[in-house]
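Peer 1: Following the hints, put chain B in place on chain X, whose structure we already have.
Chains as they are written, first to last, in full-length UniProt numbering: chain X, 1 to 341; chain B, 1 to 359.
Think of the hints as simulated: they come from the structure by calculation, not from any bench. Hints are not guaranteed to be accurate.
As the list claims (entries may be wrong) - In silico EDC-like cross-links for lysine to aspartate or glutamate, where the CA-CA straight-line distance does not exceed 16 Å: (1) X/66 to B/286; (2) X/87 to X/298; (3) X/246 to B/197; (4) X/246 to B/286; (5) X/223 to B/332.
In this text, all values refer to a predicted model and were calculated from it rather than measured experimentally.
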Amino acid sequence: MRILDSKTAIAIALLGAGAAMPAAAADIGACLITKTDINPFFVKMKEGATAKAEELGIILSTYAGKVDGDHETQVQAIETCIASGAKGIMITASDTAAIVPVVEQAREAGLLVIALDTPLEPIDSADATFATDNFKAGELIGQWAAAQLGDKAGEAKIAMLDLSASQPSVGVLRDQGFLQGFGIELNDPKRWGDETDPRIIGNDVTAGNEEGGRRAMENLMQKDPEVNVVYTINEPAAAGAYEALKAFGREDEVLIVSIDGGCPGVANVADGVIGATAQQYPLLMASKGVEAIKAWAESGVKPEPTPGLDFFNTGVSLVTDKPVEGIESIDTKEGGERCWG
Amino acid sequence: MVDSNRSADSGAEAGLVKASADTVAEFDADKKTALQHIQHFLHGNPAMVPVIILFVSVVAFRLIAGERFFTAFNLSLIIQQVTIIGFLACAQTLIVLTAGIDLSIAAIMVLASVVAGKFAVILGVPSIIAIPCGFVVGTLGGLVNGLLVTRLRLPPFIVTLGTWNIFFALVIWYSGSQSIRSQDIDKIAPVLKIFGERVSIGGAVFTYGSFLMVGVFLVIWYVLNNTAWGRHVYAVGDDKEAAELSGINTNRLLLSVYGVAGFIAGIAAWVSIGRVGSVSPQSFYDANLDSITAVVIGGTSLFGGRGSILGALFGALIVGVFSSGLKIAGVDVIWQRFAIGCLIILAVGIDQWLRRVSA
Chain X
1 MRILDSKTAI
11 AIALLGAGAA
21 MPAAAADIGA
31 CLITKTDINP
41 FFVKMKEGAT
51 AKAEELGIIL
61 STYAGKVDGD
71 HETQVQAIET
81 CIASGAKGIM
91 ITASDTAAIV
101 PVVEQAREAG
111 LLVIALDTPL
121 EPIDSADATF
131 ATDNFKAGEL
141 IGQWAAAQLG
151 DKAGEAKIAM
161 LDLSASQPSV
171 GVLRDQGFLQ
181 GFGIELNDPK
191 RWGDETDPRI
201 IGNDVTAGNE
211 EGGRRAMENL
221 MQKDPEVNVV
231 YTINEPAAAG
241 AYEALKAFGR
251 EDEVLIVSID
261 GGCPGVANVA
271 DGVIGATAQQ
281 YPLLMASKGV
291 EAIKAWAESG
301 VKPEPTPGLD
311 FFNTGVSLVT
321 DKPVEGIESI
331 DTKEGGERCW
341 G
Chain B
1 MVDSNRSADS
11 GAEAGLVKAS
21 ADTVAEFDAD
31 KKTALQHIQH
41 FLHGNPAMVP
51 VIILFVSVVA
61 FRLIAGERFF
71 TAFNLSLIIQ
81 QVTIIGFLAC
91 AQTLIVLTAG
101 IDLSIAAIMV
111 LASVVAGKFA
121 VILGVPSIIA
131 IPCGFVVGTL
141 GGLVNGLLVT
151 RLRLPPFIVT
161 LGTWNIFFAL
171 VIWYSGSQSI
181 RSQDIDKIAP
191 VLKIFGERVS
201 IGGAVFTYGS
211 FLMVGVFLVI
221 WYVLNNTAWG
231 RHVYAVGDDK
241 EAAELSGINT
251 NRLLLSVYGV
261 AGFIAGIAAW
271 VSIGRVGSVS
281 PQSFYDANLD
291 SITAVVIGGT
301 SLFGGRGSIL
311 GALFGALIVG
321 VFSSGLKIAG
331 VDVIWQRFAI
341 GCLIILAVGI
351 DQWLRRVSA
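Okay, chain B solo, but in the shape it has when bound:
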């Protein structure tokens, strides 16, 4: 179970899985329908579902919303728009893989950005120190969650529901709920906005932040698939007791997962200043839920141990494609929410259907 999930993400290994799956299918071909073949294939390759949905929705919006949707520029703009949610979805996936959930992840990010911004712009701390302070705040925020989950043995949902409020209150208190203006950042600490800088490739425009997001996804993908730590993350999520019996120090592992997620939120904090322009304590209020949406649509099971990190990236992109496509097609904003709600239910439905394959 664990191994097949792991290899599912790996491009090189995916081929092997597919090949072996075909062989098995031949063996008892008379017992399986075509639908069951698809079910098996998707079960072994959880990232394929969102890839297919993404592909279909891009084609669909090309037909519905027309030329203006399907330009290199607009498609790259969608990537810019989902960059921050992408970072958070990456962090969120790590936690969801351990059968946890992090409701506080966006609050951690905003807190980190407010600390870095206030240090650099208001208190005059050099950016080279202020920015790492943001990473430290992010990591500490994650570790607080991890400690509460492992030491007090509280459910992650409860812990992060609590810390969501706590971090959010700290954001408002420390920022005085005031934004730091873009113009002030430009004057005093322009490096805070470096990830908002853009490069143009053909008609497409990417921000440095988008490249960094893809980089972080690739690193985490590699770590999950090619290190003992990554294997342990899946193992703990799949069956914590079994993992413990097999010699994994599950508490230490969980703590490290929450710490890494917090660190990624700290990086996202820096990138978010470039994206938003200002240091804004009011922004990203819903981003924790948006990150969970991306993870779920990306095919990672909320019950832990199953899913893929790249799925979360595709999940975030699917939401971005829907928002952009519906907007350009002139659809009212309320129907964007409606559509994304349907997507979530569809995604969980597919997950449940795929789980039955192993039942």
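The shape of chain X in the complex, shown without the other chains:
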């Protein structure tokens, strides 16, 4: 009995030591939950987080929904993270409102929850939000487009190529930012498609891919063939819209603007397919998130938002080779160096 006891004691001591040895940093677990594994934006975000976690010696687990809008998988991922004893979660939520109860559970269990790229609703449901200012990104391309048209902006004919019929917040913010930047009066800023300005020809959805972009552009050209400004939710949709315009022989008369700053998108700006794009920085969001979780685990400090905003702004740059006075921008060479994907 005694021997057994001492053996048990030794075993326990060894186990304890074993657990304590890598201790400190390696003890910190973090989770990254993205919308999908298929969008290059989230692929890059994962790369950024993985690289930073390796550098800081943090154990990173990654999860992703199967498709955009796959809420259930994200809920399961958060539950798994809580169960695994992770110190923090970074999430790009598919359903920004429905995810809140399970996020609260995680915070009650002592995890730091950081929303990446997409703010939760309400935004303070997460401990912090590291994101592009999507409204600002839209505003930049709106201002640029209006400045390019100059006096003709008053009789512009604008096609709006949005993301999906469910109007996720990121799509709404970009759309509304663009309209405000262009000088169009918004109606309900939480909804696209309810504006009454006659310059807007119409809205259609693209699913954020080339095929959807082409189809949406064709549909809106059927509503009014004289479209001369095209807002696109992202650069794949812009590439599809350009193909449609080419088929109509109008590619040189139409201004396409977009948002994202992926490498193919920046190359399309350089080639004149897209007039200007607003570049965001997913790698930065992810690496900042990992650093914040480390700080939280070690010293209990929560990240602070950017002064004057309710989230931490990871920045946005206008990328164009046709700069406009009064709007700060970078050229496609610099955009190409900073692009993702």
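Peer 2: Coordinates of chain B only, in the frame set by chain X:
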């Protein structure tokens, strides 16, 4: 049963069926209402239902959406827009006729397009080799489904649900989820986009891809109606055991059906590059379901053995007409989905009603 379905598609034979149906109707005219006559006629001619719906919806949208909808250009644009779904619906019909379903068909197509595109543009393989590689990938994808269905005796729904995920994962892995840009294709391998080239006839504009789609439909229609293989496809779908007893090697037949469907997806892959402009791993995520929608609206029974290949073409066109018409009429996108949902239920309802004719 089998023969009447077969002949239903044939323009020449359709007349005969109609004539004979009229004679039968006269024989027991006192027992049948006008509705039952219609039911009989439509039962013998499954492609007629979608033709009627298509005609009615074009007329309706002419009234609702007005001039801009009913131009030669817009009507031809609808054909351009449904071309890829049309190809997939053609492949899907073959499988549905055997009482199967292919959830993976769009993933096979995207995989084939990514392989052909990456070979030609990134790896510098001559297009003349890269494009057939896409066909091979498509055919192999179909054969994998066919082998799993016939060798492991798994339900097609389960098999293709699995391979849908597998092919999709391969797409993302092989492409790195990156599109290949239109401008790069133009520079290095322009022949990939050949089916996006257009010809103008009057005010209408057609792509080579649309002509090819119609060609593929006509070939498959001919094969289904005029060859032993085609007859066997219907027979296996109608009653697999009976088909086996009558001497058909049903496993070999099913394998060939899945292989042909995969090959058609491989052709669609080439055409899709012309349509989209880029090689896009993100596009056509919903196209498998869209193809099933076209098949169902086209009057092919999901229970197998009944329906027509041309119905799928009309089914795809009906969806295209609704999308275009509602858009031009200024209807919000959510109501497009609503309308197409109603169409699906209507189509299956008509199918069930027609089936009662033989009960």
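Peer 1: Are the hints correct? Go through all of them and say.
Peer 2: Hint check results:
no.	hint	in the structure
1	X/66 to B/286	holds, 13 Å
2	X/87 to X/298	holds, 10 Å
3	X/246 to B/197	holds, 11 Å
4	X/246 to B/286	violated, 25 Å
5	X/223 to B/332	holds, 13 Å
Violated hint: 4 only; the structure is consistent with all others.
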